[in-house]
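Position chains B and C against the provided structure of chain A, taking the given hints into account.
Residue numbers (the working numbering), protein chains in the order written: chain A, 1 to 312; chain B, 1 to 97; chain C, 1 to 102.
By construction, these hints were calculated from the structure, which means they are not laboratory data. Keep in mind the model is a prediction, meaning the values are calculated, not measured. Backbone N, C-alpha and C define an ideal beta-carbon position, used for all residues, glycine too. Just to be clear, a hint being listed does not mean it is correct.
[Said to hold, decoys possible] For lysine to any residue, the following SDA-like pairs were computed, each having C-alpha atoms within a straight-line distance of at most 25 Å:
no., chain 1, residue 1, chain 2, residue 2
1, A, LYS280, A, TYR143
2, B, LYS42, A, LYS85
3, C, LYS31, A, PRO86
4, A, LYS85, C, ILE23
5, B, LYS67, A, ARG72
6, A, LYS280, A, PRO121
7, A, LYS280, A, LEU292
8, B, LYS42, B, LEU56
9, B, LYS67, A, ALA33
10, B, LYS42, B, SER81
11, C, LYS31, A, VAL64
12, C, LYS31, A, GLY104
13, C, LYS31, A, GLU84
14, B, LYS42, B, LEU74
15, C, LYS31, A, ARG72
16, B, LYS42, A, ARG72
17, A, LYS280, C, GLY59
[What the hints assert, rightly or not] Not everything, but these chain A residues come out facing chain C in the computed CB check (under 7 Å):
no., residue
18, ALA8
19, ALA15
20, ALA69
21, GLU77
22, THR102
23, LEU105
24, LEU119
25, PRO305
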Amino acid sequence: MVFDIGLAVLVLGVAVWTTAARDAFAAVVGFVAYGLLLALVWVRIAAPDVALTEAAIGGGVTGVLLLGAGTRLRAIEATAPAGEKPGSGLQLAAGMLCVFVTGGLAAIVLLLPEPAPTLAPLAAAHLAGTGLDNPVTAVLMAYRAIDTLLETVVLALALIGIWSLAPDGVWGGLPGPRHHIDSDGVLTFLVQLLAPVGILVGIHIFWIGSVAPGGEFQGATILAAMWLLAMMAGLVEAPPVSRRWLRLVLVIGPLTFLAIGLAGFGMSGAFLAYPEAYAKLLILTIEVPVTLSIAATLALLVAGPPERAQQR
Amino acid sequence: MTLALDGLTILAVCAGAFFFLAGTVGLLRFPDPLSRLHALTKADNLGLGLIVLGLLFQAGGLLAALKLIGVWLLALLAGASISQLIARTARPGGPPA
Amino acid sequence: MSAATLYGLSAAVLVGVGLFGLIVHPHPLRKILSFNLIGGGVFLLLGVVARRGAAAGFGGDPVPQALVITGIVVAFAATALAVMLLLRLSQETGRSTLASDE
Chain A
1 MVFDIGLAVL VLGVAVWTTA ARDAFAAVVG FVAYGLLLAL VWVRIAAPDV ALTEAAIGGG
61 VTGVLLLGAG TRLRAIEATA PAGEKPGSGL QLAAGMLCVF VTGGLAAIVL LLPEPAPTLA
121 PLAAAHLAGT GLDNPVTAVL MAYRAIDTLL ETVVLALALI GIWSLAPDGV WGGLPGPRHH
181 IDSDGVLTFL VQLLAPVGIL VGIHIFWIGS VAPGGEFQGA TILAAMWLLA MMAGLVEAPP
241 VSRRWLRLVL VIGPLTFLAI GLAGFGMSGA FLAYPEAYAK LLILTIEVPV TLSIAATLAL
301 LVAGPPERAQ QR
Chain B
1 MTLALDGLTI LAVCAGAFFF LAGTVGLLRF PDPLSRLHAL TKADNLGLGL IVLGLLFQAG
61 GLLAALKLIG VWLLALLAGA SISQLIARTA RPGGPPA
Chain C
1 MSAATLYGLS AAVLVGVGLF GLIVHPHPLR KILSFNLIGG GVFLLLGVVA RRGAAAGFGG
61 DPVPQALVIT GIVVAFAATA LAVMLLLRLS QETGRSTLAS DE
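Next comes chain A alone, as it looks inside the complex (with noise of 0.2 Å):
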């Protein structure tokens, strides 16, 4: 219980001062580390998938989205004058809100209903059916995999988003800005030391998930994160985004997905219910698309919209 206290007094100490630092790039450290110590968080009241999810996402990519953009944002706006904050007036009230919407959460959460409701028994329940072992798996990829389905969908729209910001010139061309190789550089070492590694790991997570916390987005992440080392290292050339096979590696998951839902229909009368017998079969069968197709979408969400055009 110390050791709670402790942890949750960093947590709102980290937050709080995300919030006041007066610069951009301090902002973003501390947006790090308080992912990392949210993690922390997650073990602590039991959630380890959540726990991994934070840290490779909420922690890894999301630190790497916006100290990027922190850097960039700085040297345009070099020259710009800084916005003003509102005047001592609007704060207060503002600061009166916040007291207000943090009462009445506190207030509710101090006022949940006892004992808890809860779907644990009815999950546990019929775990055996899915062929899984990990009960989060089992909500992701059988109770609620319509949930999931739509998550694909919703990242492969928020990539079309990204990528139609692209000038006209360079409609289709190479994402982000050129990195170039340094054979005998620092990081060059460490990706090709990293990358085998870290490849395996993260096919390693989505593969236990099905019996131990992890699965398909937190390995998806780490292979990723992978792809976006080795091209920041200049090991990899960033694909031009008009090219096919990047775009079939990137809808191979939702179409999958989609295709085994409507399947569902013929095999046991309903979307996305999958047969007692080949249940398991079939989640791997979806999820190994979606994992690819995850990490393609999560390296290519952070390397941006195509700023260079590709060479013909």
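Frame of chain A; chains B and C shown alone:
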């Protein structure tokens, strides 16, 4: 036997925590980025190594112990590379040509 | 007070802190950061609800945990889109502010 193992774990983890504390004091008190990097990486690599050593006594099996050592090696690799990269940029004369 | 209630109260404070940062900061990148702080607080609240639903041998109710995982991924996608929009805006106008030109 478990008492001895627990005692060793507590000893090693406390020593590791002390090194982390020393590294943090160095981060806060040293004057310029290069010396702060020095304090951080020396203390944190040794601190993490001692904590992993302490946890090895509690690990349930060879595979878990190997995973712990793997974590330490990955943290060593990442920490060393990142400090090199930061140091090159933070050099007083700018990045090496 | 159990650990879950403690984290629930800190989730409430996180939402408040993030909301303050969202309203007060003029720079859009700080607003995006504060929005993510609010998101973290809301997810933590869901996690506390999951923890209180521990039953049937699990440490927590798996359904809210799966919802939070989906939420974290979708929040990242939205953050990425927002950040790229902001970068594009700054490249076009030379400044990063949401105020309209006079």
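Hinted pair B/LYS42 and A/ARG72, Cα distance within 25 Å: 32 Å, violated
Hold the hint about A/ALA69 up to the distance rule: shortest CB distance to chain C must be less than 7 Å. Since the shortest Cβ distance to chain C is 5 Å, the answer is holds.
Does B/LEU56 lie within 25 Å of B/LYS42 when you go C-alpha to C-alpha? This hinted pair holds, its Cα atoms lying about 21 Å apart.
Min Cβ distance, A/THR102 to chain C: is it shorter than 7 Å? Nearest chain C Cβ about 3 Å off; hint holds.
Quickly compare the C-alpha distance for B/LYS67 and A/ALA33 to 25 Å and report which way the hint goes. Holds - the C-alpha atoms of A/ALA33 and B/LYS67 are around 24 Å apart, at most 25 Å.
Starting from B/LYS42, check that the Cα of A/LYS85 is at most 25 Å away, please. Answer violated: B/LYS42 to A/LYS85 is near 41 Å, above 25 Å.
Regarding the pair B/LYS42 and B/LEU74, is the alpha-carbon distance no greater than 25 Å? Within the cut-off at roughly 15 Å; holds.
Can we keep the A/ALA15 interface hint, with Cβ of chain C closer than 7 Å? With a minimum Cβ separation of about 5 Å from chain C (threshold 7 Å), the hint on A/ALA15 holds.
Does the structure keep C/LYS31 and A/VAL64 at a Cα separation of 25 Å or less? 17 Å, holds
Between the alpha carbons of B/LYS42 and B/SER81, is the straight-line distance 25 Å or under? 13 Å, holds
Agreement of hint A/LEU119 with chain C interface, Cβ distance less than 7 Å: 5 Å, holds
Would you check the hint for C/LYS31 and A/GLU84, treating anything up to 25 Å between C-alpha atoms as holding? 14 Å, holds
When held up to the earlier numbered hints, the structure conflicts with 2, 5, 16 and fits the remainder.
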